[in-house]
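*Asks:* Residue numbers (our numbering), protein chains in the order written: chain A, 1 to 264; chain U, 1 to 433; chain Y, 1 to 478.
No lab work stands behind these hints, which were simulated from the structure alone.
Values in this document were obtained by computation on a predicted structure and should not be read as measured data.
Glycine included, every Cβ here is placed at the ideal spot set by N, Cα and C.
Do not rely on the hints blindly, as some may be mistaken.
[What the hints assert, rightly or not] Covered by chain U, per the in silico footprint, the following chain Y stretches (three or more residues, Cβ under 8 Å): (1) 145-157; (2) 395-407; (3) 411-421.
[Claimed, not checked] With the C-beta cut set under 10 Å, the calculated list includes, among others, these residues of chain U facing chain Y: (4) Glu50; (5) Trp52; (6) Arg53; (7) Ile57; (8) Ser59; (9) Leu63; (10) Pro333; (11) Leu347; (12) Ala353; (13) Thr357; (14) Leu361; (15) Phe364; (16) Asp366; (17) Ala404.
[To be verified] DSBU-like cross-link-like pairs, simulated, lysine-lysine; straight-line CA separation at most 35 Å: (18) U/Lys160 to U/Lys304; (19) U/Lys328 to Y/Lys451; (20) A/Lys135 to Y/Lys422.
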Amino acid sequence: MIYENSTTILSVQGLHASINGTEILKGMDLTVKSGEIHAIMGLNGSGKSTFAKVLAGHSAYEVTAGSVQFEGKNLLELPPEERARAGVFLAFQYPIEIPGVANTQFLRLAYNTVQTQRGREELDPLEFDDFVREKMKLLDMKPDFLDRSVNEGFSGGEKKRNEILQMALLEPKLSILDETDSGLDIDALKIVANGVNQLTNKNNATILVTHYQRLLDYIVPDYVHVMQAGRIVMTGGKELALELETRGYDWISTNKHSIAGEVA
Amino acid sequence: MSEIASNDYLECLLKSWSIKPTESQSWLNQLRSQAIDRVSAQKLPTKRDEEWRFTDISSLTHLPYRPSQSECALQASDIEHLYLNEAENSLVFVDGHYSPELSKIVDQAALVIGNLPEFLSTHSATLECHLGQYATFENNVFSALNTAFLRDAALILVPKNVSVTRPIHLLFIATQQEVTSYPRCLLIGETGSNVTIIEDYVALQDATYITNSVTEISLAANAHARHIRVQRENTHAFHFANCAVSLAHASHYQSASISLGSHISRYNLDVRLLDEAAECIIDGLTLISDRQLADTHTCIDHVKPSGTSHQQHKCIVDDSAHAVFNGKIIVRPHAQRTNSSQSSRNLLLSSAAQIDTKPQLEIFADDVKCAHGATVGQLEQEEIFYLESRGLSELAARNLLTYAFGAEIISRIPVTSLRQQLEQAVLNQTQGK
Amino acid sequence: MSAVLQSLVNQPYKHGFVTEIESDIAPKGLNEDTIRLISAKKNEPEWLLSFRLKAYQKWLTMTEPDWQNVQYPKIDFQAISYYSAPKPKKKLASMDEVDPELLRTFEKLGVPMHERAALAGVAVDVIFDSVSVATTYKQKLAEVGIIFCSISEAVHNHPELIQKYLGSVVPVGDNYFAALNSAVFTDGSFCFIPKGVKCPMDLSTYFRINTESSGQFERTLIVAEEGASVSYLEGCTAPKFDTNQLHAAVVELIALDDADIKYSTVQNWYAGDENGVGGIYNFVTKRGLAKGRNSRISWTQVETGSAITWKYPSCILRGDNSVGEFYSVAVTNNYQQADTGTKMIHLGKNTRSTIVSKGISAGHSNSSYRGLVRIAPTADGARNYSQCDSMLIGDQCGAHTFPYIQVRNNSAKVEHEASTSKIGEDQLFYFSQRGIDAEEAVSMIINGFCKDVFQQLPMEFAVEATKLLSFKLEGSVG
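Chain A on its own, in the form it takes in the complex (with noise of 0.2 Å):
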């Protein structure tokens, strides 16, 4: 939601960022406040993902010019965990598997960790187990998961509703989301946002990095952005989003530029 008042958490400025060699993102500027609601929407290859690895610091990607801001802080020069500390979360796009690591564990440790930082009191155990049973119950999930490997054997379903319940224990300020939608059938999906949805307020802000439309009928987006060969080429409110999905993608090309201006 937009509110009056509200402080800029992100803001990037001309970013390019390429990888092995090539450049993906050509230019991209967007100022996320708090309380807001992005979608970056744009078809395969238009550089929506890599933003989002961009802002959460993967390595494989190399940043070659551009600023970004997150809440006043030089992003850029953060190692990957200090964002995170800082309270950047991605939603993984394909979650990785790690074997033999118990959920439970990685949890508890990602959350104290965070908590530390933020100079909070860490949970035991047990604690723990209270508190993520609580969360659990969010997004629907059964109890023996926490026991199973990280995302090890867990369908697409269960990984995309394991990413959502540790952004609802780890309460990022910025949230983005790659693709969270993909995979998942109309029941879990609808899961999944209204996690989403109880997890957004008027402090933090999210980012919903999609392919299609059908998220946003569930988690409502104050700005949609349309990206194209690394750069958004166009933003509108959430009837963008209907506007693209009726007149697919090839709209754009002919109409760059014709409803922005409306985000600073």
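Let chain A serve as the given structure and place chains U and Y on it in line with the hints.
*Replies:* Showing chains U and Y alone in chain A's frame:
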């Protein structure tokens, strides 16, 4: 077996070598003489050699095996039942000697196909590059012997971008007793070519003899080859075979080797993935009974990155037979993104049957996916019970399950008539009880 | 990734210091006189001397094995001193009388004996070089009839037991290094659990090699009578020397009907430096005989040290329904080499064995699993399950698997599975995106990888093993 006996044996074999090097190709004469040197420098392996730990071949030395004679009394009608319907091209070798009368060649225009000596003058340079270059004999006395005796050989060269639609049948028939024959095959698949060969060993007599064969296969970039190998020698035979395969960039080798015959058999298959993105699929089935011993040693060597290999080897062992499987997978340094799987599944049908299996991984690169597994056991009691509960007798249930165990490999052979013959062979074996 | 990994790995060896204690060292070299000297020094009975001499004669006829997947320069057996004993000023009656220098050594090792003994209820038989200098809790154990003492003591106090069992599982001529050990062993532990007794505490020995170029040849013998059970812990550390030291121990376990022996090892001998200089050659023969019906022998090992490790703790499953287990974690880094595994010899009916082996290789090291599962014709209904997983960290190291499966009985069922994995960049990024740094991520992944083995260790050993692994691999992931 004493070393002296073994060396005498090899020396006798060499002395019996009566073929004089008459070819004008000096490289071939040189290859043979190098091989002779290597025979002299080596000993017949014993059970003390790690590679021959379970296979005792000392009984070889008790019989003086002459080289086979080249005269051939067979008529095409004698071997009518051995031809395969699907194959238009058949090269027939009797006791290791090429028989032009029994062979059928139709693709003379599109391919280079026939007996090696016919092509020595026309394709000398190409042959020199390939012959004896893959099946090394430095430390392999059987390869060395075969190379020393090298004369006739099945030669197939599939030119660039030629796709041979029907399988080529290489038929090796044993007719003489107490002789050694030295079959040899060379398949060269040029860039983008595609071929299926069937290497088939049969006997038309019941006495003892030795087959010592060497097959070399070289596939250039993007070449595809399917290699079906059927060893159905008689049960008094000794069968020693070495097959070496060299794979270039994104080439694809698929093999199925079926071992049914021989008193003692040993098959070495070495596949080297020498360039990126090469692929191989290797299936094996050993089905033996009585006092047969069948030993399969395979080595899949991933030299370059992004290679794929999948191997499935099955043994069904009955009576006092003994099956040996040693499957080595090597992933060399820097052969990253290799994906390799291997499974060794073994079924023991009687209390005296024996199995030794050793699936072996040697990995020197970190970004790889390798898995292997081995099982030894009987038929699952649960499965037998399930079939019994559907009205089958216990025997019928066992036969069916044993058949199904072997048929999984056979069903992947892309030549219908051969598949049927093999299915029948498995059926005979499983229902012989 | 390798940059972070590399920076984490190269931790200096924490236990590298030499204790200045006056030692009584035999001249270097091996011949019959050396053996007679050892025997005389230890005031041994005639039968033991002839046991040693028989082994020595056997050893002379044997050649050093070369089939294992390790490389090392030839050992000069004449350059080794075969006896080295600290000279205690007087007979020791209690821990308080132990040389304080020695106690400090153990403190540096992180083994506060009295504390450990008192707090954890562990009886520690301390082996310093080759002579047992202190045995705690002996009294308490004696009350239930358990004998826990040094082998030398047992030779004098319980000669009938030693004569009966010594060499009964590992014959004097079993292999090259076992023969050598049988000829020259200086001390070790003896443990006897009589019929029906469950040992009330975990028994523990801490081994440490101190004197430079003294081979350590200790000998351990554990006998559990009908229905008895014991859990035995062995920990090993050694100071740093540039030369390589030989450690050729023999461990024999015997379990009678319904008896249960669990033997756990954490081995952290000096592994040599980052260039592969120095370090222990650890050539050990460990074998358990599950002699009785329903008996069980379980080996658990965490092998992190030594320049070369060459050992195959084995089980001979002779009794019907007997059980053999082998749980192993082997970690190699720098230029370490490990060739380790087990042998499960199934002789009795319905015998069962389980093998879980986890190998982790980093740096330029090589780690091999070599295992034999043999099902004899008599072993009706035998079962084996083996799982051998390897993890590679970096692309300069190697992991090898050599499983030998020999089945001579068709009612047996044998299953073997193996896989390789790595610590991937993607995994580390996932961790870091959740705020967890690389070091912690690696330690978590590795502990997860080794979980099945660590679960088998007694609590304090598991904690120690976890720490050890983290140290060991610090800097190799990144």
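*Asks:* Run every hint past the structure and note whether it holds.
*Replies:* Now the hints, each set against the structure:
Chain U is given as covering the stretch 145-157 of chain Y, and this is violated because 0 residues of the stretch bring a CB closer than 8 Å to a CB of that chain, at least three being needed. Figure legend: the stretch 395-407 of chain Y, annotated as covered by chain U; annotation consistent (13 residues with Cβ-Cβ distances under 8 Å, at least 3 required). Here's how the stretch 411-421 of chain Y fares: 10 of its residues keep a CB closer than 8 Å to some CB of chain U, so the rule of at least three is met and the hint holds. Evaluation of the U/Glu50 hint against chain Y yields a held restraint, the C-beta minimum of about 7 Å falling below 10 Å.
For the restraint placing U/Trp52 at the interface with chain Y, the shortest Cβ-Cβ distance is roughly 14 Å, beyond the 10 Å limit, so the hint is violated. For U/Arg53, the interface hint holds, since its Cβ comes within 10 Å of a Cβ in chain Y; the closest pair sits about 9 Å apart. For U/Ile57, the interface hint is violated, since its Cβ never comes within 10 Å of a Cβ in chain Y; the closest pair sits about 19 Å apart. Hint status for U/Ser59 relative to chain Y: violated, with the closest Cβ pair at about 21 Å, above 10 Å.
This hint is violated: U/Leu63 has a C-beta 29 Å from the nearest C-beta of chain Y, more than the 10 Å allowed. Checking U/Pro333 against chain Y by beta carbon gives a least distance of about 7 Å; that is within 10 Å, so the hint holds. Taking 10 Å as the C-beta cut-off, the interface hint given for U/Leu347 holds, the closest approach to chain Y being about 9 Å. Proximity of U/Ala353 to chain Y holds as hinted, the smallest CB-CB distance being about 6 Å (cut-off 10 Å).
Proximity of U/Thr357 to chain Y holds as hinted, the smallest CB-CB distance being about 5 Å (cut-off 10 Å). Interface hint at U/Leu361: satisfied, since its Cβ lies 4 Å from the closest Cβ of chain Y, which is below the 10 Å cut-off. Taking 10 Å as the C-beta contact cut-off toward chain Y, the hint placing U/Phe364 at the interface holds, the least distance being around 5 Å. For U/Asp366, the shortest C-beta to C-beta distance to chain Y is roughly 4 Å, which falls under 10 Å, so the interface hint holds.
A distance limit of 10 Å between C-beta atoms decides the matter here; for U/Ala404 the minimum to chain Y is near 18 Å, and the interface restraint is violated. Pair hint U/Lys160 plus U/Lys304 holds up; C-alpha atoms about 23 Å apart against a cutoff of 35 Å. This hinted pair checks out: U/Lys328 and Y/Lys451 have alpha carbons roughly 28 Å apart, not beyond 35 Å. Restraint check for A/Lys135 and Y/Lys422: the C-alpha separation of about 32 Å stays at or below 35 Å, so the hint holds.
Of the numbered hints given earlier, the model fails hints 1, 5, 7, 8, 9 and 17; all others are met.
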